[in-house]
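Please put together the full structure from these sequences, using the hints given.
So the protein lines, in turn, are chains A, B and C.
Sequential numbering of the first sequence, starting at 1, is according to our numbering.
Sequential numbering of the second sequence, starting at 1, is according to our numbering.
Sequential numbering of the third sequence, starting at 1, is according to our numbering.
Hints may contain errors.
Here are some, though not all, of the chain A residues that point toward chain B, as calculated from beta-carbon distances under 8 Å [stated by the list, open to error]:
no., residue
1, ARG22
2, ILE39
3, GLY40
4, ALA43
5, GLN45
6, VAL46
7, ASN52
8, ARG55
9, GLY59
10, HIS60
11, PRO69
12, GLU85
13, LEU91
14, ASP202
15, PRO281
What follows is a set of in silico ranges between Cβ atoms, one per label pair, in the way DEER data are often shown [said to hold, decoys possible]:
no., chain 1, residue 1, chain 2, residue 2, range
16, B, GLN382, C, VAL64, 32 to 38 Å
17, A, ALA271, C, LYS189, 26 to 32 Å
18, A, LYS204, B, THR189, 54 to 60 Å
19, C, THR124, A, ASP285, 35 to 41 Å
20, B, ALA428, A, ASP146, 36 to 42 Å
21, A, ALA197, B, ILE341, 30 to 36 Å
22, A, TYR276, C, LYS189, 22 to 28 Å
23, A, ASP146, B, GLY537, 55 to 61 Å
24, A, ASP53, B, THR189, 48 to 54 Å
25, B, GLY537, A, SER26, 39 to 45 Å
26, A, PRO241, C, LEU72, 40 to 46 Å
Negatives, chain A to chain B, calculated, CB over 12 Å [said to hold, decoys possible]:
no., residue
27, SER5
28, ALA21
29, GLN74
30, SER75
31, PRO115
32, VAL167
33, GLY170
34, PRO180
35, GLY187
36, GLY207
37, GLY221
38, ASP232
39, ALA267
40, ALA269
Honestly, the hints are just simulated from the structure, not real lab data.
Small disclaimer: the values here were computed from a predicted structure and weren't measured.
We put the beta carbon where it would ideally sit given N, CA and C, even for glycine.
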Amino acid sequence: MALQSLDIVRRSATTTPAPQARGAHSGQVAKLIDVTKCIGCKACQVACMEWNDLRDEVGHCSGHFDNPPDLGGQSWTIMKFAEHEHADGSLEWLIRKDGCMHCADPGCLKACPSPGAIVQYANGIVDFHEENCIGCGYCVTGCPFDVPRISKHDRKAYKCTLCSDRVAVGQEPACVKTCPTGAIVFGSKEDMHEHAAERIEDLKSRGYANAGLYDPAGVGGTHVMYVLHHADQPELYSGLPKNPVISPFVSLWKGAAKPLGLLAIAATAFAGFLHYIGIGPNRTDEHDEREAEREAQRLRAEEHP
Amino acid sequence: MTNHWVDIRNADVVLIMGGNAAEAHPCGFKWVTEAKAHNKAKLIVVDPRFNRSASVADVYAPIRTGTDIVFLGGLINDLLASDRIQREYVVNYTDLSFIVKDEFAFKDGLFSGYNADKRNYSKSSWDYALGDDGFVRTDPTLADPRCVYQLLKQHYARYTIEMVERVCGTPKDKVRQIWDLIASTATPTRAMTIMYALGWTQHSIGSQMIRTGAMVQLLLGNIGIAGGGMNALRGHSNIQGLTDLGLMSNLLPGYLTLPNEAEQDLATYLTPRTQKPLRPKQMSYWQNYPKFFVSLMKSWFGDAATAENNWAFDYLPKLDKAYDMLQAYELMHQGKMTGYICQGFNPIAAAPNKAKLVESFSKLKFLVTMDPLATETSAFWQNHGVFHDVDTANIRTEVFRLPTTCFAEEEGAVVNSSRWLQWHWKGANPPGEARSDIWIMSALYLRLKALYAKEGGAFPDPIANLSWKYVHAAEPSAEELAKEYSGRALVDLYDPKDPTRLVRKAGEQLAGFAELRDDGSTASGCWIFCGAWGPSGNLMARRDNSDPTGVGNTVNWAWSWPANRRVLYNRASCDVTGKPFDPKRTLIAWNGKAWGGADIPDYGAALDPADGAGPFIMNPEGVARFFARGAMAEGPFPEHYEPFETPLAENPLNPGQAQALNNPAARVFKDDLPSFGKVDEFPHVATTYRLTEHFHYWTKHVRLNAITQPEQFVEIGAALADELGIANGSRVRVSSKRGVIEAVAMVTKRIKALTVDGRTVHQIGVPIHWGFLGAARPGYLANTLTPFVGDGNTNTPEFKSFLVKVERA
Amino acid sequence: MNREHDREIVRYRAPTRINHWIVAISFVLAALSGLALFHPALFPLASLFGGGPWTRILHPFIGVVMVVAFVLLAARMWRDNRIDARDRAWLRNVGDVIHNREENLPEVGRFNGGQKLLFWVLVTCVLVLLLSGLVIWRAYFSQWFPIGAIRLSAVAHALFGLILVCSIIVHIYAAIWVKGSLRAMTEGKVSYGWAWRHHRAWFREVVSARRRAD
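Printed below as a string of structure tokens:
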């Protein structure tokens, strides 16, 4: 969507602060996905495709319900189905809506080299501005959840926008609007925490002792959260990371390496400059030429005695 | 549904069996999540597959397809043995105390009166014993060995938990856990709802499965109460309207029935349908049958229906037999039916045994299809390679494809599973040359009428005299038709009790079916819809979702048949004095003078409960039936019979009884018997079903749906896949006695091998949504595999249980 | 053959010089485009390449050109860059190097210890940049690698790119510092005096060889 600078609190590849006057005084937003209510109907996928005018390829069945099988430029959210058999033989079919988590500390934004291609709004939404995207894929590298995808068609990065266009005019995201079971809800992050607490209490009463909220602190919390029956084992849900953090490699790459690298280059050049000023060039003079000629004659004499 | 979608949130226990609501009814399923989240409800799913509903269930149990009567019959046995029944309810509101005729018997797996040659029953012994007063004899102590309670107990004594495990393959501990949870709703303060769909109807004993479920609900006192009921989840958005309006070969609108061949005069027709009470003081509402019937005939034939011509009774066809779809295709196959108009229907995909269907359709002289989409039926003569390999040159059928509007391109009411008639408005203009079904049928009718006028004919009267008083004869409006089926006064109507009081002026819309008369002074095209467009206007268009009592009935939202009633049999939610069994889920109550509350009483509005009328007013006995009398084809009590293609050599409940292996009264034709496979050749049990991502054979034409589920697959349990060396995602060949399909193997832990009668039974799942046309990848029509056999009552084909052989492709 | 010409030595023949400058130019382009993607402050460098997307598209291809050219160049030079005991002694006396006190240093062959060290640093950098660059080349190769490998490669690519840039700065400065060096790579020749001063062992070798050839 268009650049609305006053709503943007963070901007990729930008070393100075964004305008900070406008704050999220009515609270930051969050989408809560109650995995325990989700029936995997994919209505959210279809609503996403409809609202955003996306149409992926008609693919293949790969032996799973997951279709399309992966996130992509035309598929910003997909359902992931995981069959998990417990030690006692009981089975669970854990179905998770996958998509951007809208981290408070977004790895994509940190990794992005293009100024303003990735922004974070005051309400917490992390959005891609594809007109600034250069297609390098660093956002993919930076994301702890492996969410952004580079479109094969236009080489731009895409992911869930949390319907920032809808939210900006006071509507809920399309997936929330369409979810038939109420498994996806949307509101202020605070309200979503309260709603989740009720759900977790219900789940605990049904024997899910480890039910809990997935709002991982490692990325500063997320603006898309999950209610999980097994919050102690998020990996069961098609590999939801247990303690997602921005990879130390990415932190080094996009953290210390940047100023130190520039410093190193500047220092090297400056050292040369100082050397030139202080010690000066190393010139071949007449003395060297004479000595060389003498040496050459000597060598000639040795060769032809 | 006896109840309605929103009401599911009032349940304490939700049993999904014979259906997969999360998969096939995801929008309605929200009320299950509501019940779980806000009513602490427990969800039970019993299904051959661990499906999407099971994924959010509290308890799941696997079951062998087609054995639900054993599971539920065992439950009945268990409830009776442990006396976990709502005694006050069953004693007063059911026929448990009724005495059954001495001639009635059940022996060797068959009920009395079986005729093996005709494969049907003479049902005269299947009835209550009448006393000298003409009423049924009862024993309120339930001690009489011939009372329904004792017969019921005796019948289901064979259905032990061990038998359930042996026949259904469901582990005993799971059975016990589920039965105990269900039994917890025997108290008046707890309710269970049963949600079912084609997983029960599409069996050769489907109707009896549903009945068994209903009997469980009656024992637990769960019929007529908020959060209870027997809730059939309808598949098409207006399939409820289809049956309501009588679009079955033996029905008239409002569940009136066509006369049969023996009923050649009106009196003979009306007498058995105008049911007199079987117990004292009962309402026996079908006593009003003549009012409904005469009003229907006045609606159809107007001034041509008179008392003198018996309200045009002679215009109606008299059935020599049922003309269900299986019969129709059998007749086509025999060359006896040579033309077919196929309106909103894709039988080449939707009826069983595709090979037989193609043969049948190839023998037609003409076929007309009316559909918004290019259906497989309209293209059955085209060769589509391996997916549909026909010899086009040898098919002489002339096919007319008439494109029609779809629901969003027209105005009108749609009846949902909740029996709500919800008016909707046109959202878009139809594309191209598409016309409404009304336009097409009107054109056909007007041409036929003109032809009769011009050329005459053997009996032109029904066509010539059909009342057709619409502003635009070529395309009657939805409003006109709605007003017609609702009904109006033809003359000024006066109160019969006070002849000076004018109730309705001539031409005024009627408020309800209570105003219908049998003297030709009223017209109503469908008595159960009477009042939908009442004197105050179109009640179907109401959109007030206020719910003052909190029970969720929203009686000012649209209009629910009958009489805007939201929960059927709601009188049964109160005790005999009219006090609600559970005040927290009050639907109606007796205040000393009248009934009132959150719903329209299913009872006389001012009928004093002390008068003793029962709550099941449509039954002449005033109570609900455990003993079905002659209403079912197979017998008064549901008995388990194996599917026509069964992995078992005999029916474990009736060992050694060859006649009782399969439903002895099923809809089956002799020439189809050789097309049934045996377990030695086809060792795997298959069931067909639907996926959330698709709707029947329609949405494969839609890119969005095709994206979410692009390619045909079959679900195969991990154990069977191991045994056959099938890798997930590889291709498999699935064959039945009738044909072969190939699809991607989806190897899953969600289908477990079952131990049935001492041996391992593997079940596979065949989703139905692919075909040789559409935006999704082409696939085989799943009915290539399915057997041409149907339920004995509804004639619904057995799509849910058949035998196949699975191999690596 | 006049005397003036006779007192010069061919240090780099034309193919080598052309090869070197292909490497040099592609390095400069790769470095500028790489730096544009490395630090926001340098992102405006992307304008030199037609904007961000073109920078992203061109950088890896330029890199491939550089690698190929570098490999050819290194193939010509690696024999002369084997580090021996004399080089290690030279490197130990780096203070004398910096202060232009070459008289205190061991005699140097065709390349001195610093040049050889640089050579192997460059070889290492180019190898790592090639491998890591392929892993993070999103358009063609990234899909074949796990995300962990991509992340490691991203940081390795940046670090070795920095080392390379710094090394090349040293390399360029050396050419500015040691007068006459630049001419060796432009015109290909150095004077007897230059060779005698900076690469005495090589000078002797070349002069002796020339006499033998006479």
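Right, here's what the structure says about each hint:
Taking 8 Å as the C-beta contact cut-off toward chain B, the hint placing A:ARG22 at the interface is violated, the least distance being around 36 Å. Residue-level restraint check for A:ILE39 holds (minimum Cβ-Cβ distance to chain B is 4 Å; threshold 8 Å). Satisfaction of the interface hint for A:GLY40 is found here, the shortest Cβ-Cβ separation to chain B being roughly 6 Å, below the 8 Å cut-off. Look at A:ALA43: its Cβ gets to within about 7 Å of chain B, closer than 8 Å, so that hint holds up.
Taken as an interface hint, A:GLN45 checks out: its beta carbon lies about 6 Å from the nearest beta carbon of chain B, inside 8 Å. Given the 8 Å rule on beta carbons, the hint for A:VAL46 holds: about 5 Å separates it from the nearest Cβ of chain B. Restraint check, A:ASN52 versus chain B: the minimum CB separation of about 12 Å is more than 8 Å; hint violated. For the restraint placing A:ARG55 at the interface with chain B, the shortest Cβ-Cβ distance is roughly 6 Å, inside the 8 Å limit, so the hint holds.
This hint holds: A:GLY59 has a C-beta 5 Å from the nearest C-beta of chain B, less than the 8 Å allowed. Hint status for A:HIS60 relative to chain B: holds, with the closest Cβ pair at about 5 Å, below 8 Å. The criterion of a C-beta within 8 Å of any C-beta in chain B is not met by A:PRO69, whose closest approach is roughly 10 Å, and the hint is violated. For A:GLU85, the suggested interface contact is upheld, since its CB lies about 6 Å from the closest CB of chain B, less than 8 Å.
Against a cut-off of 8 Å between C-beta atoms, the interface hint on A:LEU91 holds, since the closest Cβ of chain B lies about 6 Å away. The beta carbon of A:ASP202 comes within 6 Å of a beta carbon in chain B, closer than 8 Å, and the hint placing it at the interface holds. Violation of the interface hint for A:PRO281 is found here, the shortest Cβ-Cβ separation to chain B being roughly 69 Å, above the 8 Å cut-off. Separated by about 53 Å at the C-beta atoms, B:GLN382 and C:VAL64 break the suggested range of 32 to 38 Å.
Between A:ALA271 and C:LYS189 the beta carbons are some 30 Å apart, a value that agrees with the proposed interval 26 to 32 Å. The hinted window of 54 to 60 Å between A:LYS204 and B:THR189 is violated, with their beta carbons roughly 24 Å apart. Remark: the range hint 35 to 41 Å for C:THR124 to A:ASP285 is upheld by a beta-carbon distance near 36 Å. Taking the beta carbon of each, B:ALA428 and A:ASP146 are about 40 Å apart, inside 36 to 42 Å as hinted.
Between A:ALA197 and B:ILE341 the C-beta distance comes to about 59 Å, which lies outside the given range of 30 to 36 Å. The hinted range of 22 to 28 Å is satisfied by A:TYR276 and C:LYS189, whose Cβ atoms lie roughly 24 Å apart. For the pair A:ASP146 and B:GLY537, the beta carbons lie near 57 Å from each other, so the given range of 55 to 61 Å is met. At about 51 Å, the CB distance of A:ASP53 to B:THR189 agrees with the hint of 48 to 54 Å.
For B:GLY537 and A:SER26, the Cβ-Cβ distance of about 43 Å falls inside the hinted range of 39 to 45 Å, so the restraint holds. The hinted range of 40 to 46 Å is satisfied by A:PRO241 and C:LEU72, whose Cβ atoms lie roughly 45 Å apart. Distance check on A:SER5: its Cβ is at least 35 Å (rounded) from any Cβ of chain B, clearing the 12 Å threshold; non-interface status holds. The non-interface label for A:ALA21 is consistent with chain B: the shortest C-beta to C-beta separation is roughly 41 Å, beyond 12 Å.
For A:GLN74, the requirement that its beta carbon stay farther than 12 Å from each beta carbon of chain B is not met, with the minimum near 9 Å. Non-interface status of A:SER75 relative to chain B is broken: a Cβ of that chain comes within 12 Å, the nearest being about 8 Å off. Here A:PRO115 stays apart from chain B, with its beta-carbon at least about 35 Å from theirs, past the 12 Å limit. Separation of A:VAL167 from chain B is adequate, the least Cβ-Cβ distance of about 23 Å exceeding the 12 Å criterion.
Distance check for A:GLY170 against chain B: the nearest CB is about 22 Å away, which clears 12 Å, and the non-interface claim stands. With 12 Å as the threshold on Cβ separation, the claim that A:PRO180 sits away from chain B is violated: the shortest Cβ distance comes to roughly 4 Å. The claim that A:GLY187 is not at the interface with chain B holds, since no C-beta of that chain comes within 12 Å of its own (minimum 16 Å). Separation of A:GLY207 from chain B is inadequate, the least Cβ-Cβ distance of about 8 Å not exceeding the 12 Å criterion.
Chain B leaves A:GLY221 outside its interface by the beta-carbon criterion, the shortest separation being 24 Å against a cut-off of 12 Å. For A:ASP232, the non-interface assignment is confirmed: its Cβ lies about 20 Å from the closest Cβ of chain B, beyond the 12 Å cut-off. Against chain B, the non-interface label of A:ALA267 holds: every CB pair exceeds 12 Å, the least being about 55 Å. With a minimum CB-CB distance of about 55 Å to chain B, A:ALA269 clears the 12 Å threshold, and the non-interface call stands.
In summary, the structure is inconsistent with hints 1, 7, 11, 15, 16, 18, 21, 29, 30, 34 and 36 from the numbered list given earlier, while agreeing with the others.
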